[in-house]
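Residue numbers (this note's numbering), protein chains in the order written: chain A, 49 to 340; chain B, 35 to 323; chain C, 1013 to 1271.
Treat each hint with caution, since some may be false.
The list that follows gives simulated cross-link-like pairs (lysine-lysine, BS3-like), each with its CA atoms no further than 25 Å apart [as the list claims (entries may be wrong)]:
1) Lys1030(C) with Lys338(A)
2) Lys142(A) with Lys314(B)
3) Lys1030(C) with Lys188(B)
4) Lys314(B) with Lys1030(C)
5) Lys1087(C) with Lys214(B)
6) Lys1157(C) with Lys319(B)
Per label pair, the in silico range of CB-to-CB distance [stated by the list, open to error]:
7) Gly133(A) with Ile275(B): 20 to 30 Å
8) Arg1201(C) with Gly129(A): 39 to 49 Å
9) Pro289(B) with Gly133(A): 46 to 56 Å
10) Tyr1074(C) with Leu114(B): 43 to 53 Å
Quick look at which bits of chain B chain C covers, simulated, 3 or more residues with Cβ under 8 Å [as the list claims (entries may be wrong)]:
11) 123 to 129
12) 190 to 200
13) 315 to 322
I should point out that these hints are in silico values taken from the structure, not numbers from a laboratory. All values reported here derive from a predicted model rather than from experimental measurement. We put the CB at the ideal spot given by N, CA and C, even for glycine.
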Amino acid sequence: MILQLFVNGLIAGAIYALIALGFSVIYKTVRFFHFAHGAVYAIGAYAAYGVISILPSGWGVGGWFVAVPAGIILGAAAGVGLDRGIYRPLRDRKASNLILLLASFGVFIFIQNLIALIFGSQILTLRSSVVREGWHVLGAVITPIQVLIIAASIVTFGLCWWIVAKTRLGRAIRAVADDSVGASVCGIDPERTIMWAFLIGSALAGVAGILISLETNLEPTMGFNAVLKGIIASIIGGIGSIGGALFGGVFLGLVENLGIAFIPAGWKDAIAFGLLIIFLLLRPQGIFGKKK
Amino acid sequence: MNYILHILVIAGIYIILTLSLNLLVGYTGLPALGHIAFACIGAYVSALLALRLGISPWLGLPIGAVVAGLLGLGVGYPSLRLKGDYLALATFGLGLIVYAVAKNWVELTRGPMGLPGIPRFDLFGWQISQVWAYLILVTVFALVTIVFIGRIVKAPIGRVLRAVRDDEIAAQALGKDTRKHKLMAFVIGAFFAGIAGVLYAHYITFIDPSSFTVMESITVLLMVIFGGMASIPGSILGAVILVVLPEALRFLGLPSSIAAQVRQMLYGALLVIFMIWRPKGLLGKYRMG
Amino acid sequence: MKWNLSVDLLTVSFDGLKALDGLSFKIEQGKITALIGPNGAGKTTVFNVITGLLKPNEGEVYFKGQRITNLPPFKRARLGMARTFQLLRLFPQITVLENMLLAQHYSKGERLWAALTRSPSMLKEEEDNRKKALDSLEFVGLAEKANVLAEELSHGQRRLLEIARALATGADLLLLDEPTAGVYPEMRRKILGFLEEIRDQGRTIVFIDHRMETVFSIAEHVIVLAHGKKLAEGSPAAVRRNPKVKKAYLGKNEAARQL
């Protein structure tokens, strides 16, 4: 039983880590809470759903090869579009972090309800028609989709780590994260770097949205909980830290799911919110973050 | 006609909410993002006292407001260490915790099933159930709120709140106990939000957690921003416009299934527009940041 | 000689770097003391420790005979210490007069009950404070700007307002961080004149400045800091002749020319 909860925790943790990763990459460059990340997450999922439902059923599995990239690309485009259209004008005006957060909230609410308007508020599914039974491992069950989620997360994290640590773009991101004026003096274009960060981060959100839709359902409000958990995971791990996103996500997933062994399941979210408050009060820089 | 009176009652309740939040956000510079939680507390405390212990709403009101005020003290403590967007996140989280408690502590609150049959206010045995009568009640409380908060902000103590908002370090250098003032703002803001919650509960006679969600907090915040930060007429304007506007939409013939979405899209859009174009709001006297 | 303020063996470290290193000095009451030193010497850090914005790793601060090392900033202000900031900390979105009124230590108006009841005594006190504030503004020549938002003042006027506000707190000790930075010469002379008048009223002034002429024109006592330590102390003339001081600022020749 505990093992099953542990497995569930890992799955949830993988998703949280992906959301936190995208969020952190973006945060590194713009240093405010981009709450609309949750809307991008939902856009990724719904875009994939939209493509699948438009394609004639003859496409079968091939449809996924169109839908998934479509979802990711649309998610990435949405994220970049948001930055260009809304955050950048505010940045130019030297708007405070609070103003950016509130604007981000407004965008999120707008998009979430737009999705509801277009697709309806009912629950949709993105599952393939064949429901496969899971594998039994030491008394716990894990389904192929769940294995896919973990595998995709590991691959994505590795890819992201490679980009940030080993490429020129990654160096630019880290430079802008550290000191954007200093970076521009070194010939790095902060705005282009920010754009790339939004592209990568939003693509990650799209990936997370699609993965979770394969496992559970789509509904217009899916982005809210997702971005909230992503933010909490980032705060726990250390906002702006790649490793922190991984740690925070997995930690949150595990604590939530193991926690409901002791308290009723409805309180799962309350555990996450409680962790948020505790960390904000006692260690706002997170486990791996640096004190400002 | 009754419909119009009903809208006015709701507007009155929102005026109290908006003024209480403006004290926090506009005058003291504390970005409280989970404000509806205080109304939730007030509503549930008074409703439960009436339903379980038969306590009159006239007593339930001050008790609910005081309990809300105490929660305000609790929420205020993080404000002593956190600023700006971090404080916003913390207050947001605390608001979510209150919602989660309302939804999950089923033995006390009946969770999502809510509390039906909440008794109304009564005046010497006569129940205040007619809308026009309730409007009078709400108007009285709205006026009390306007005078109370108006006096605070116009007095020297209001000046100190604005100093805390504009530059806490400079305020301390002038000998002001900024911690005390921040907590005070939270307690008073929470207290009045609690009053609004109680008025709501004994009017609709049914409450459930869905009346006190994040969207509600954002709606009140939008009213503050829209009407004007640190402006009492602004808060009244903001509350009235944002209560009337969605109703007006309904007259445009939108089916109710999409009216809710359109209303929220409008709120989201307004929030973005105001952040970009006029963060201090229509009648506001304070620019954030 | 009466001592108003003294600091004893103050040490402040940031990530291993010592901003202040065993610093001690006493400030004599009723005199104008200048705190000088090259950039990074720790002058503003000392002010931050004295006013309570920064906790020292070691050492003590005493004010009016009382150990204040652990007092929060607002309590130190209430003991009679006022401070201005290098980068000006006025309240930009309220008026000049309101900035001044905030300096008063209210007993009544800042209490919640008084605000709600609008008692006659509170209203009278507000009236009196308003008069006092306008008088102070008159003293520095800002009376016509009383109802202007602080952010609309020119830089020189803002410096004046900051000093007027510090004065209005009734403080006996004024700690002024670069009170004439960025102002044109005419305004500088005006401000320095005000400082001498304030001293003549019996108050104590410690000011940080990096312009030698300013320092030597009004300072009665000079303390020189470098690398968080006290390099020299004494009358302006003595400090000016001190070879260590000359060397600390620039090369020997350059400093000699400056001084």
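Now the hints, each set against the structure:
1. Only pairs whose Cα atoms come within 25 Å are accepted, and lysine 1030(C) paired with lysine 338(A) is accepted, the gap being roughly 20 Å.
2. As the CA atoms of lysine 142(A) and lysine 314(B) are separated by approximately 15 Å, the hinted pair is consistent with the 25 Å bound.
3. With a C-alpha separation of about 46 Å, the suggested pairing of lysine 1030(C) with lysine 188(B) is violated against the 25 Å cut-off.
4. A threshold of 25 Å between alpha carbons decides the hint, and for lysine 314(B) with lysine 1030(C) the separation of about 43 Å lies outside it, so the pair is violated.
5. Our distance criterion of 25 Å between C-alpha atoms is met by lysine 1087(C) and lysine 214(B), whose separation comes to about 13 Å.
6. With a C-alpha separation of about 19 Å, the suggested pair lysine 1157(C) and lysine 319(B) falls inside the 25 Å cut-off, and the hint holds.
7. At about 26 Å, the CB distance of glycine 133(A) to isoleucine 275(B) agrees with the hint of 20 to 30 Å.
8. Between arginine 1201(C) and glycine 129(A), the C-beta spacing of about 57 Å breaks the proposed range 39 to 49 Å.
9. Restraint check, proline 289(B) to glycine 133(A): a C-beta distance of roughly 30 Å breaks the suggested window 46 to 56 Å.
10. Checked against the hint of 43 to 53 Å, the pair tyrosine 1074(C) and leucine 114(B) fails, with Cβ atoms roughly 28 Å apart.
11. Figure legend: the segment 123 to 129 of chain B, annotated as covered by chain C; annotation inconsistent (0 residues with Cβ-Cβ distances under 8 Å, at least 3 required).
12. Check on the segment 190 to 200 of chain B: 8 of its residues sit with their Cβ under 8 Å from a Cβ of chain C, so the three-residue criterion for coverage holds.
13. Restraint check on the segment 315 to 322 of chain B versus chain C: 3 residues with Cβ-Cβ distances below 8 Å, three needed, restraint holds.
In the structure shown, a violation is registered for the earlier hints numbered 3, 4, 8, 9, 10, 11, in ascending order.
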